[in-house]
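Mind docking these for me? Both chains are given alone in their own frames, and the hints should help you get the complex.
So the protein lines, in turn, are chains Y and A. Heads up: the first sequence begins at 1 in the numbering used here, then just goes up one per residue. Heads up: the second sequence begins at 1 in the numbering used here, then just goes up one per residue.
Warning: the hint list may mix true and false statements.
As the list claims (entries may be wrong) - Listed next, the stretches of chain A that the computed footprint assigns to chain Y, with coverage defined by at least 3 CB atoms under 8 Å from CB atoms of chain Y:
no.: 1; stretch: 173-185
no.: 2; stretch: 189-198
no.: 3; stretch: 203-212
Unchecked claim - Keeping only pairs whose Cα atoms sit at most 20 Å apart, straight-line, the calculated EDC-like set for lysine to aspartate or glutamate is:
no.: 4; chain 1: A; residue 1: Lys196; chain 2: Y; residue 2: Glu175
no.: 5; chain 1: Y; residue 1: Lys138; chain 2: Y; residue 2: Glu175
no.: 6; chain 1: Y; residue 1: Lys138; chain 2: A; residue 2: Asp183
no.: 7; chain 1: A; residue 1: Lys196; chain 2: Y; residue 2: Asp97
no.: 8; chain 1: A; residue 1: Lys196; chain 2: Y; residue 2: Asp115
Since the hints were derived computationally from the structure, they do not count as laboratory data. Glycine included, every Cβ here is placed at the ideal spot set by N, Cα and C.
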Amino acid sequence: MTNEQMTSSETEPTDDQLAPTPGTDGLTDTADSGADTTTDRTLLEARNLDVYYGEEQALSDVDIEIPEKQVTAVIGPSGCGKSTFLRCINRMNDLVDSARVEGELRFDGKNVYDDDVDPVALRRKIGMVFQSPNPFPKSIRDNVAYGLKVQGKDDDVDTKVRTALERAALLEEVEDQLDSSGLDLSGGQQQRLCIARAIAPDPDVILMDEPASALDPVATSKIEDLIEDLAEEYTVIIVTHNMQQAARISDKTAVFLTGGELVEFDDTNKIFENPEHERVEDYITGKFG
Amino acid sequence: MSQPDFSHDGIRTARGTAFRYLFMLCALLSILTTVAIILTLLIDAVDFFAQVSLVDFLTGTRWSPTNEPIAFGVLPLISGTLVITIGSALVALPIGLLTAIYLSEYASDRQRAYLKPALEVLAGVPTVVYGYFALVYVTPAIDTILPVDLSTFNALSASIMVGIMIIPMVSSISEDAMSAVPDSLRQASYGLGATKFTVSTSVVVPAALSGIFSSFILALSRAIGETMIVAIAAGQTPRMIDLTDPAGMFLDSIQPMTSAMVQIGTGDIVGQGPAYKSLFAVGLTLFVITFVMNLISELVASRYREVYR
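Bound conformation, chain A alone (with noise of 0.2 Å):
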């Protein structure tokens, strides 16, 4: 009697090792982007800052990259991005946890099947629609209803479409955070004469704090990369502000980084100069600080996250 084949078959062989480099080739493509996309940022903002000092960009108060004076002073910038991220942030976290709550604790599995499509629509809705209801709908709305003198460009409505823009990023992350609380915990503090709302607040969302937060960071480093609701709200106005005047801060126009760089790459600005250089270097700074943020959101679900297991 002969011995079965288990022998290697050429083409089953080949086929496999060409599938196993097709799908590395795929993961390495969006490495290489991204590695080639930070080189660029690092090649070009060094070439920036051989003409303009390091230390004038981080501390300078005037942005002005084409109007004499000529000025390359971040700050104004990072002002203006300072004012969208606090003010969709005082939109989007209380509304996205809540409504996280709501979903994770109060809602049945009905009006959970209905209710998270709905919000993921929120989030598929093109940021340059949320830009034009934010300009076209929303300041004339403020305008009419609040008795304050609101600029045509101003980063109340900017920065309130945009913590639009994100409540679906908040919430989703954080009902899932708060979905993962074992049961457990709910039916101890049930069976302890708990409320619904007790069990809520004191045991699933701490449980749950560390998904939480880092939802709220997530969601607000996509607030600070935000670029077309600012560009089209928010106004072109690089000034400082006052974080002791709230309504300096919203009323009147700004720019934040990501509208200033769209300013600089669609505006008419010739040659290889300073002005044209500087875009890569506020680039550098954005990059720098959402990634700082997502790494801190990284940080903080590893931390935190065994202590429940």
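Just chain Y, with the same shape it has in the complex (with noise of 0.2 Å):
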């Protein structure tokens, strides 16, 4: 993980470490929600995972198998430790200084905090698209083409950043100006901006921590298209507070409850018509949380 590889987005990743776990047998059915590209190979896995921040556990004894190209939705109660499991996965954590992680998380096998993993290097892997839009006050071709260039990926940037816009679904409406300031443009297009950003340097994940909890329904079922649809060629891993939007969107389903404890992970259809815990069902009908 401490070098960068460059994989197309059409190709199966070529690392040299793939996944020792293709997912449990017997929990993980083919999802019929899912995209036709789906597979069932775990691309990221949680074991044991534990997160403090000071005295207070965030996170309690984590197992999840997330599977490549599919949409996971992390979903439960404020303070379940939602968003924490999310930054876990591309170490934002560790800018928090208090933050503390036990346990293993594998991405394609490797455990991400290993001593020889720079964070900076994993998060080129892993895009993420934050609660409220967050584009820098630079043009929208400049916002785009940010990770190209901190990544070293500055060749045909125009190219890449006409995709990555493409791919968001913001490529018409912005054609016009993409020497525009990134702030001028509404706040749905300002997230689809920032989903653009975290595509264009290609990565394997993309993580989603409420993408649309600030927007409008109109700009929320645009994002909701759009996560779909970049399924296709991404593993998303997208936390809401909304069922909804979870039931929606995803193939796969994870519930926090709180104490940062797991609950119960399976396909999205099973967590929400027929979950084997009684607080999930609880959570889900609206009874708790």
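This is the structure:
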């Protein structure tokens, strides 16, 4: 992981270390709502993952296997650790002084918390979209090109910028104003710009932390359509507090409940129609949380 | 049942009014003082320009208010101020900016808690101390270390000390501007695989540029107005400078506007002749320069601030 490997989005990753556990049998029926390219190969795997902020435990003994090129939704009440889990994956929690992570989180078999892992290299494989749109105070073009430049993928930037904007379903709306500030766009457009910015360097995974929570319903539905499309090429993990959204767009759903505990992880249909745990059913049906 | 009593209380109302006027008086006091100073400067300067032509003053290249032949060209004094400003800018702007980046982006909360007050101490040192430090330690030290022919009174050590004096201004105002950059921008940059250095240089500094720029301007106008250090350590030789000759600029004695004013103000000039009145003409020139610089700083700050919000 410390070396930068550019893989075309169309091909399977050619990393040496392939996932050791190709999905636990019996638990992972192929999701019928998933995209055509759905595989059940595990890309991300947490084992006994604990996270503490100072004395406070934010994640407790999380085990999960997240499949490649599917949408995995992470839901749960406020403070259940769902954002913490997301920020463990690309080690954004490293930026929080008081955060401490124990256990393993494997990306393609490699524990990203090993000593030889540079979080900077890791984050180049894992794009992130944040809760409220945070474009840089730069032009639309420079926003999308930022990651390319940072990562040294700066050949043919213009084409890559246009491709990313097109994949983010924004190109048509901004084609004539690529040099105007990203801050001049509407909230929904800004968020799609941030998605374009995240996918431009062609990562393997896209993390989304409640990407539609600051948007109106129309902008939200655009983002949701976009997420489903993105799963054809990327592994998408989305934290949301909106259960309908999780049900609409995800193949798998992880339910975290208070105390940072992953209570249930299964096909989205199963979670919403027939969850194993009564607490999950209570949460889904709104009796709690 | 009687109604509750909400009527005016004479003493309370009177006290409120009294405080209102007391506060207003204090606020007005500083404005009045400023106006009075400007008026004094203007009136005496007008007096001066009745005897010496404005054109000669602004374009003359010789300053000799007391020794024959008398000449009142302000350019040598502006030259002196320019040398000090350039020298102190070379010291303070890079060091101040890098300090601000360190404080804002690299230092832990703990380190910041020690470093910021330590820097503020620099700003609290009386400038007379800096002046003697320049004369008694910096000049001999430079003379020993560097193979140059340094005068006892020179622009180099004075501008180095002025630079050190204004570092806290640059670093503290720049750091405020950088801390005000929304954390979400840093997160976006880190999330794209940027290193701390890239985050600092490509996101934080550009987003804080207006604040950084105003810190530069404010610090430089402080350097332009600095009097004590240059009066003690820079010498009293009003002379034109050659911008292409750094050695000539820095190694010898010069005289900035402020120390020329000190010389006139404390010297044995008798009467109300043009030599004495020139104090006010130079003062007015100095005031106009720093005023314009502060104006520019305000303009830049207000024009670019909204862009990021």
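Hints not upheld, ascending by number: 4
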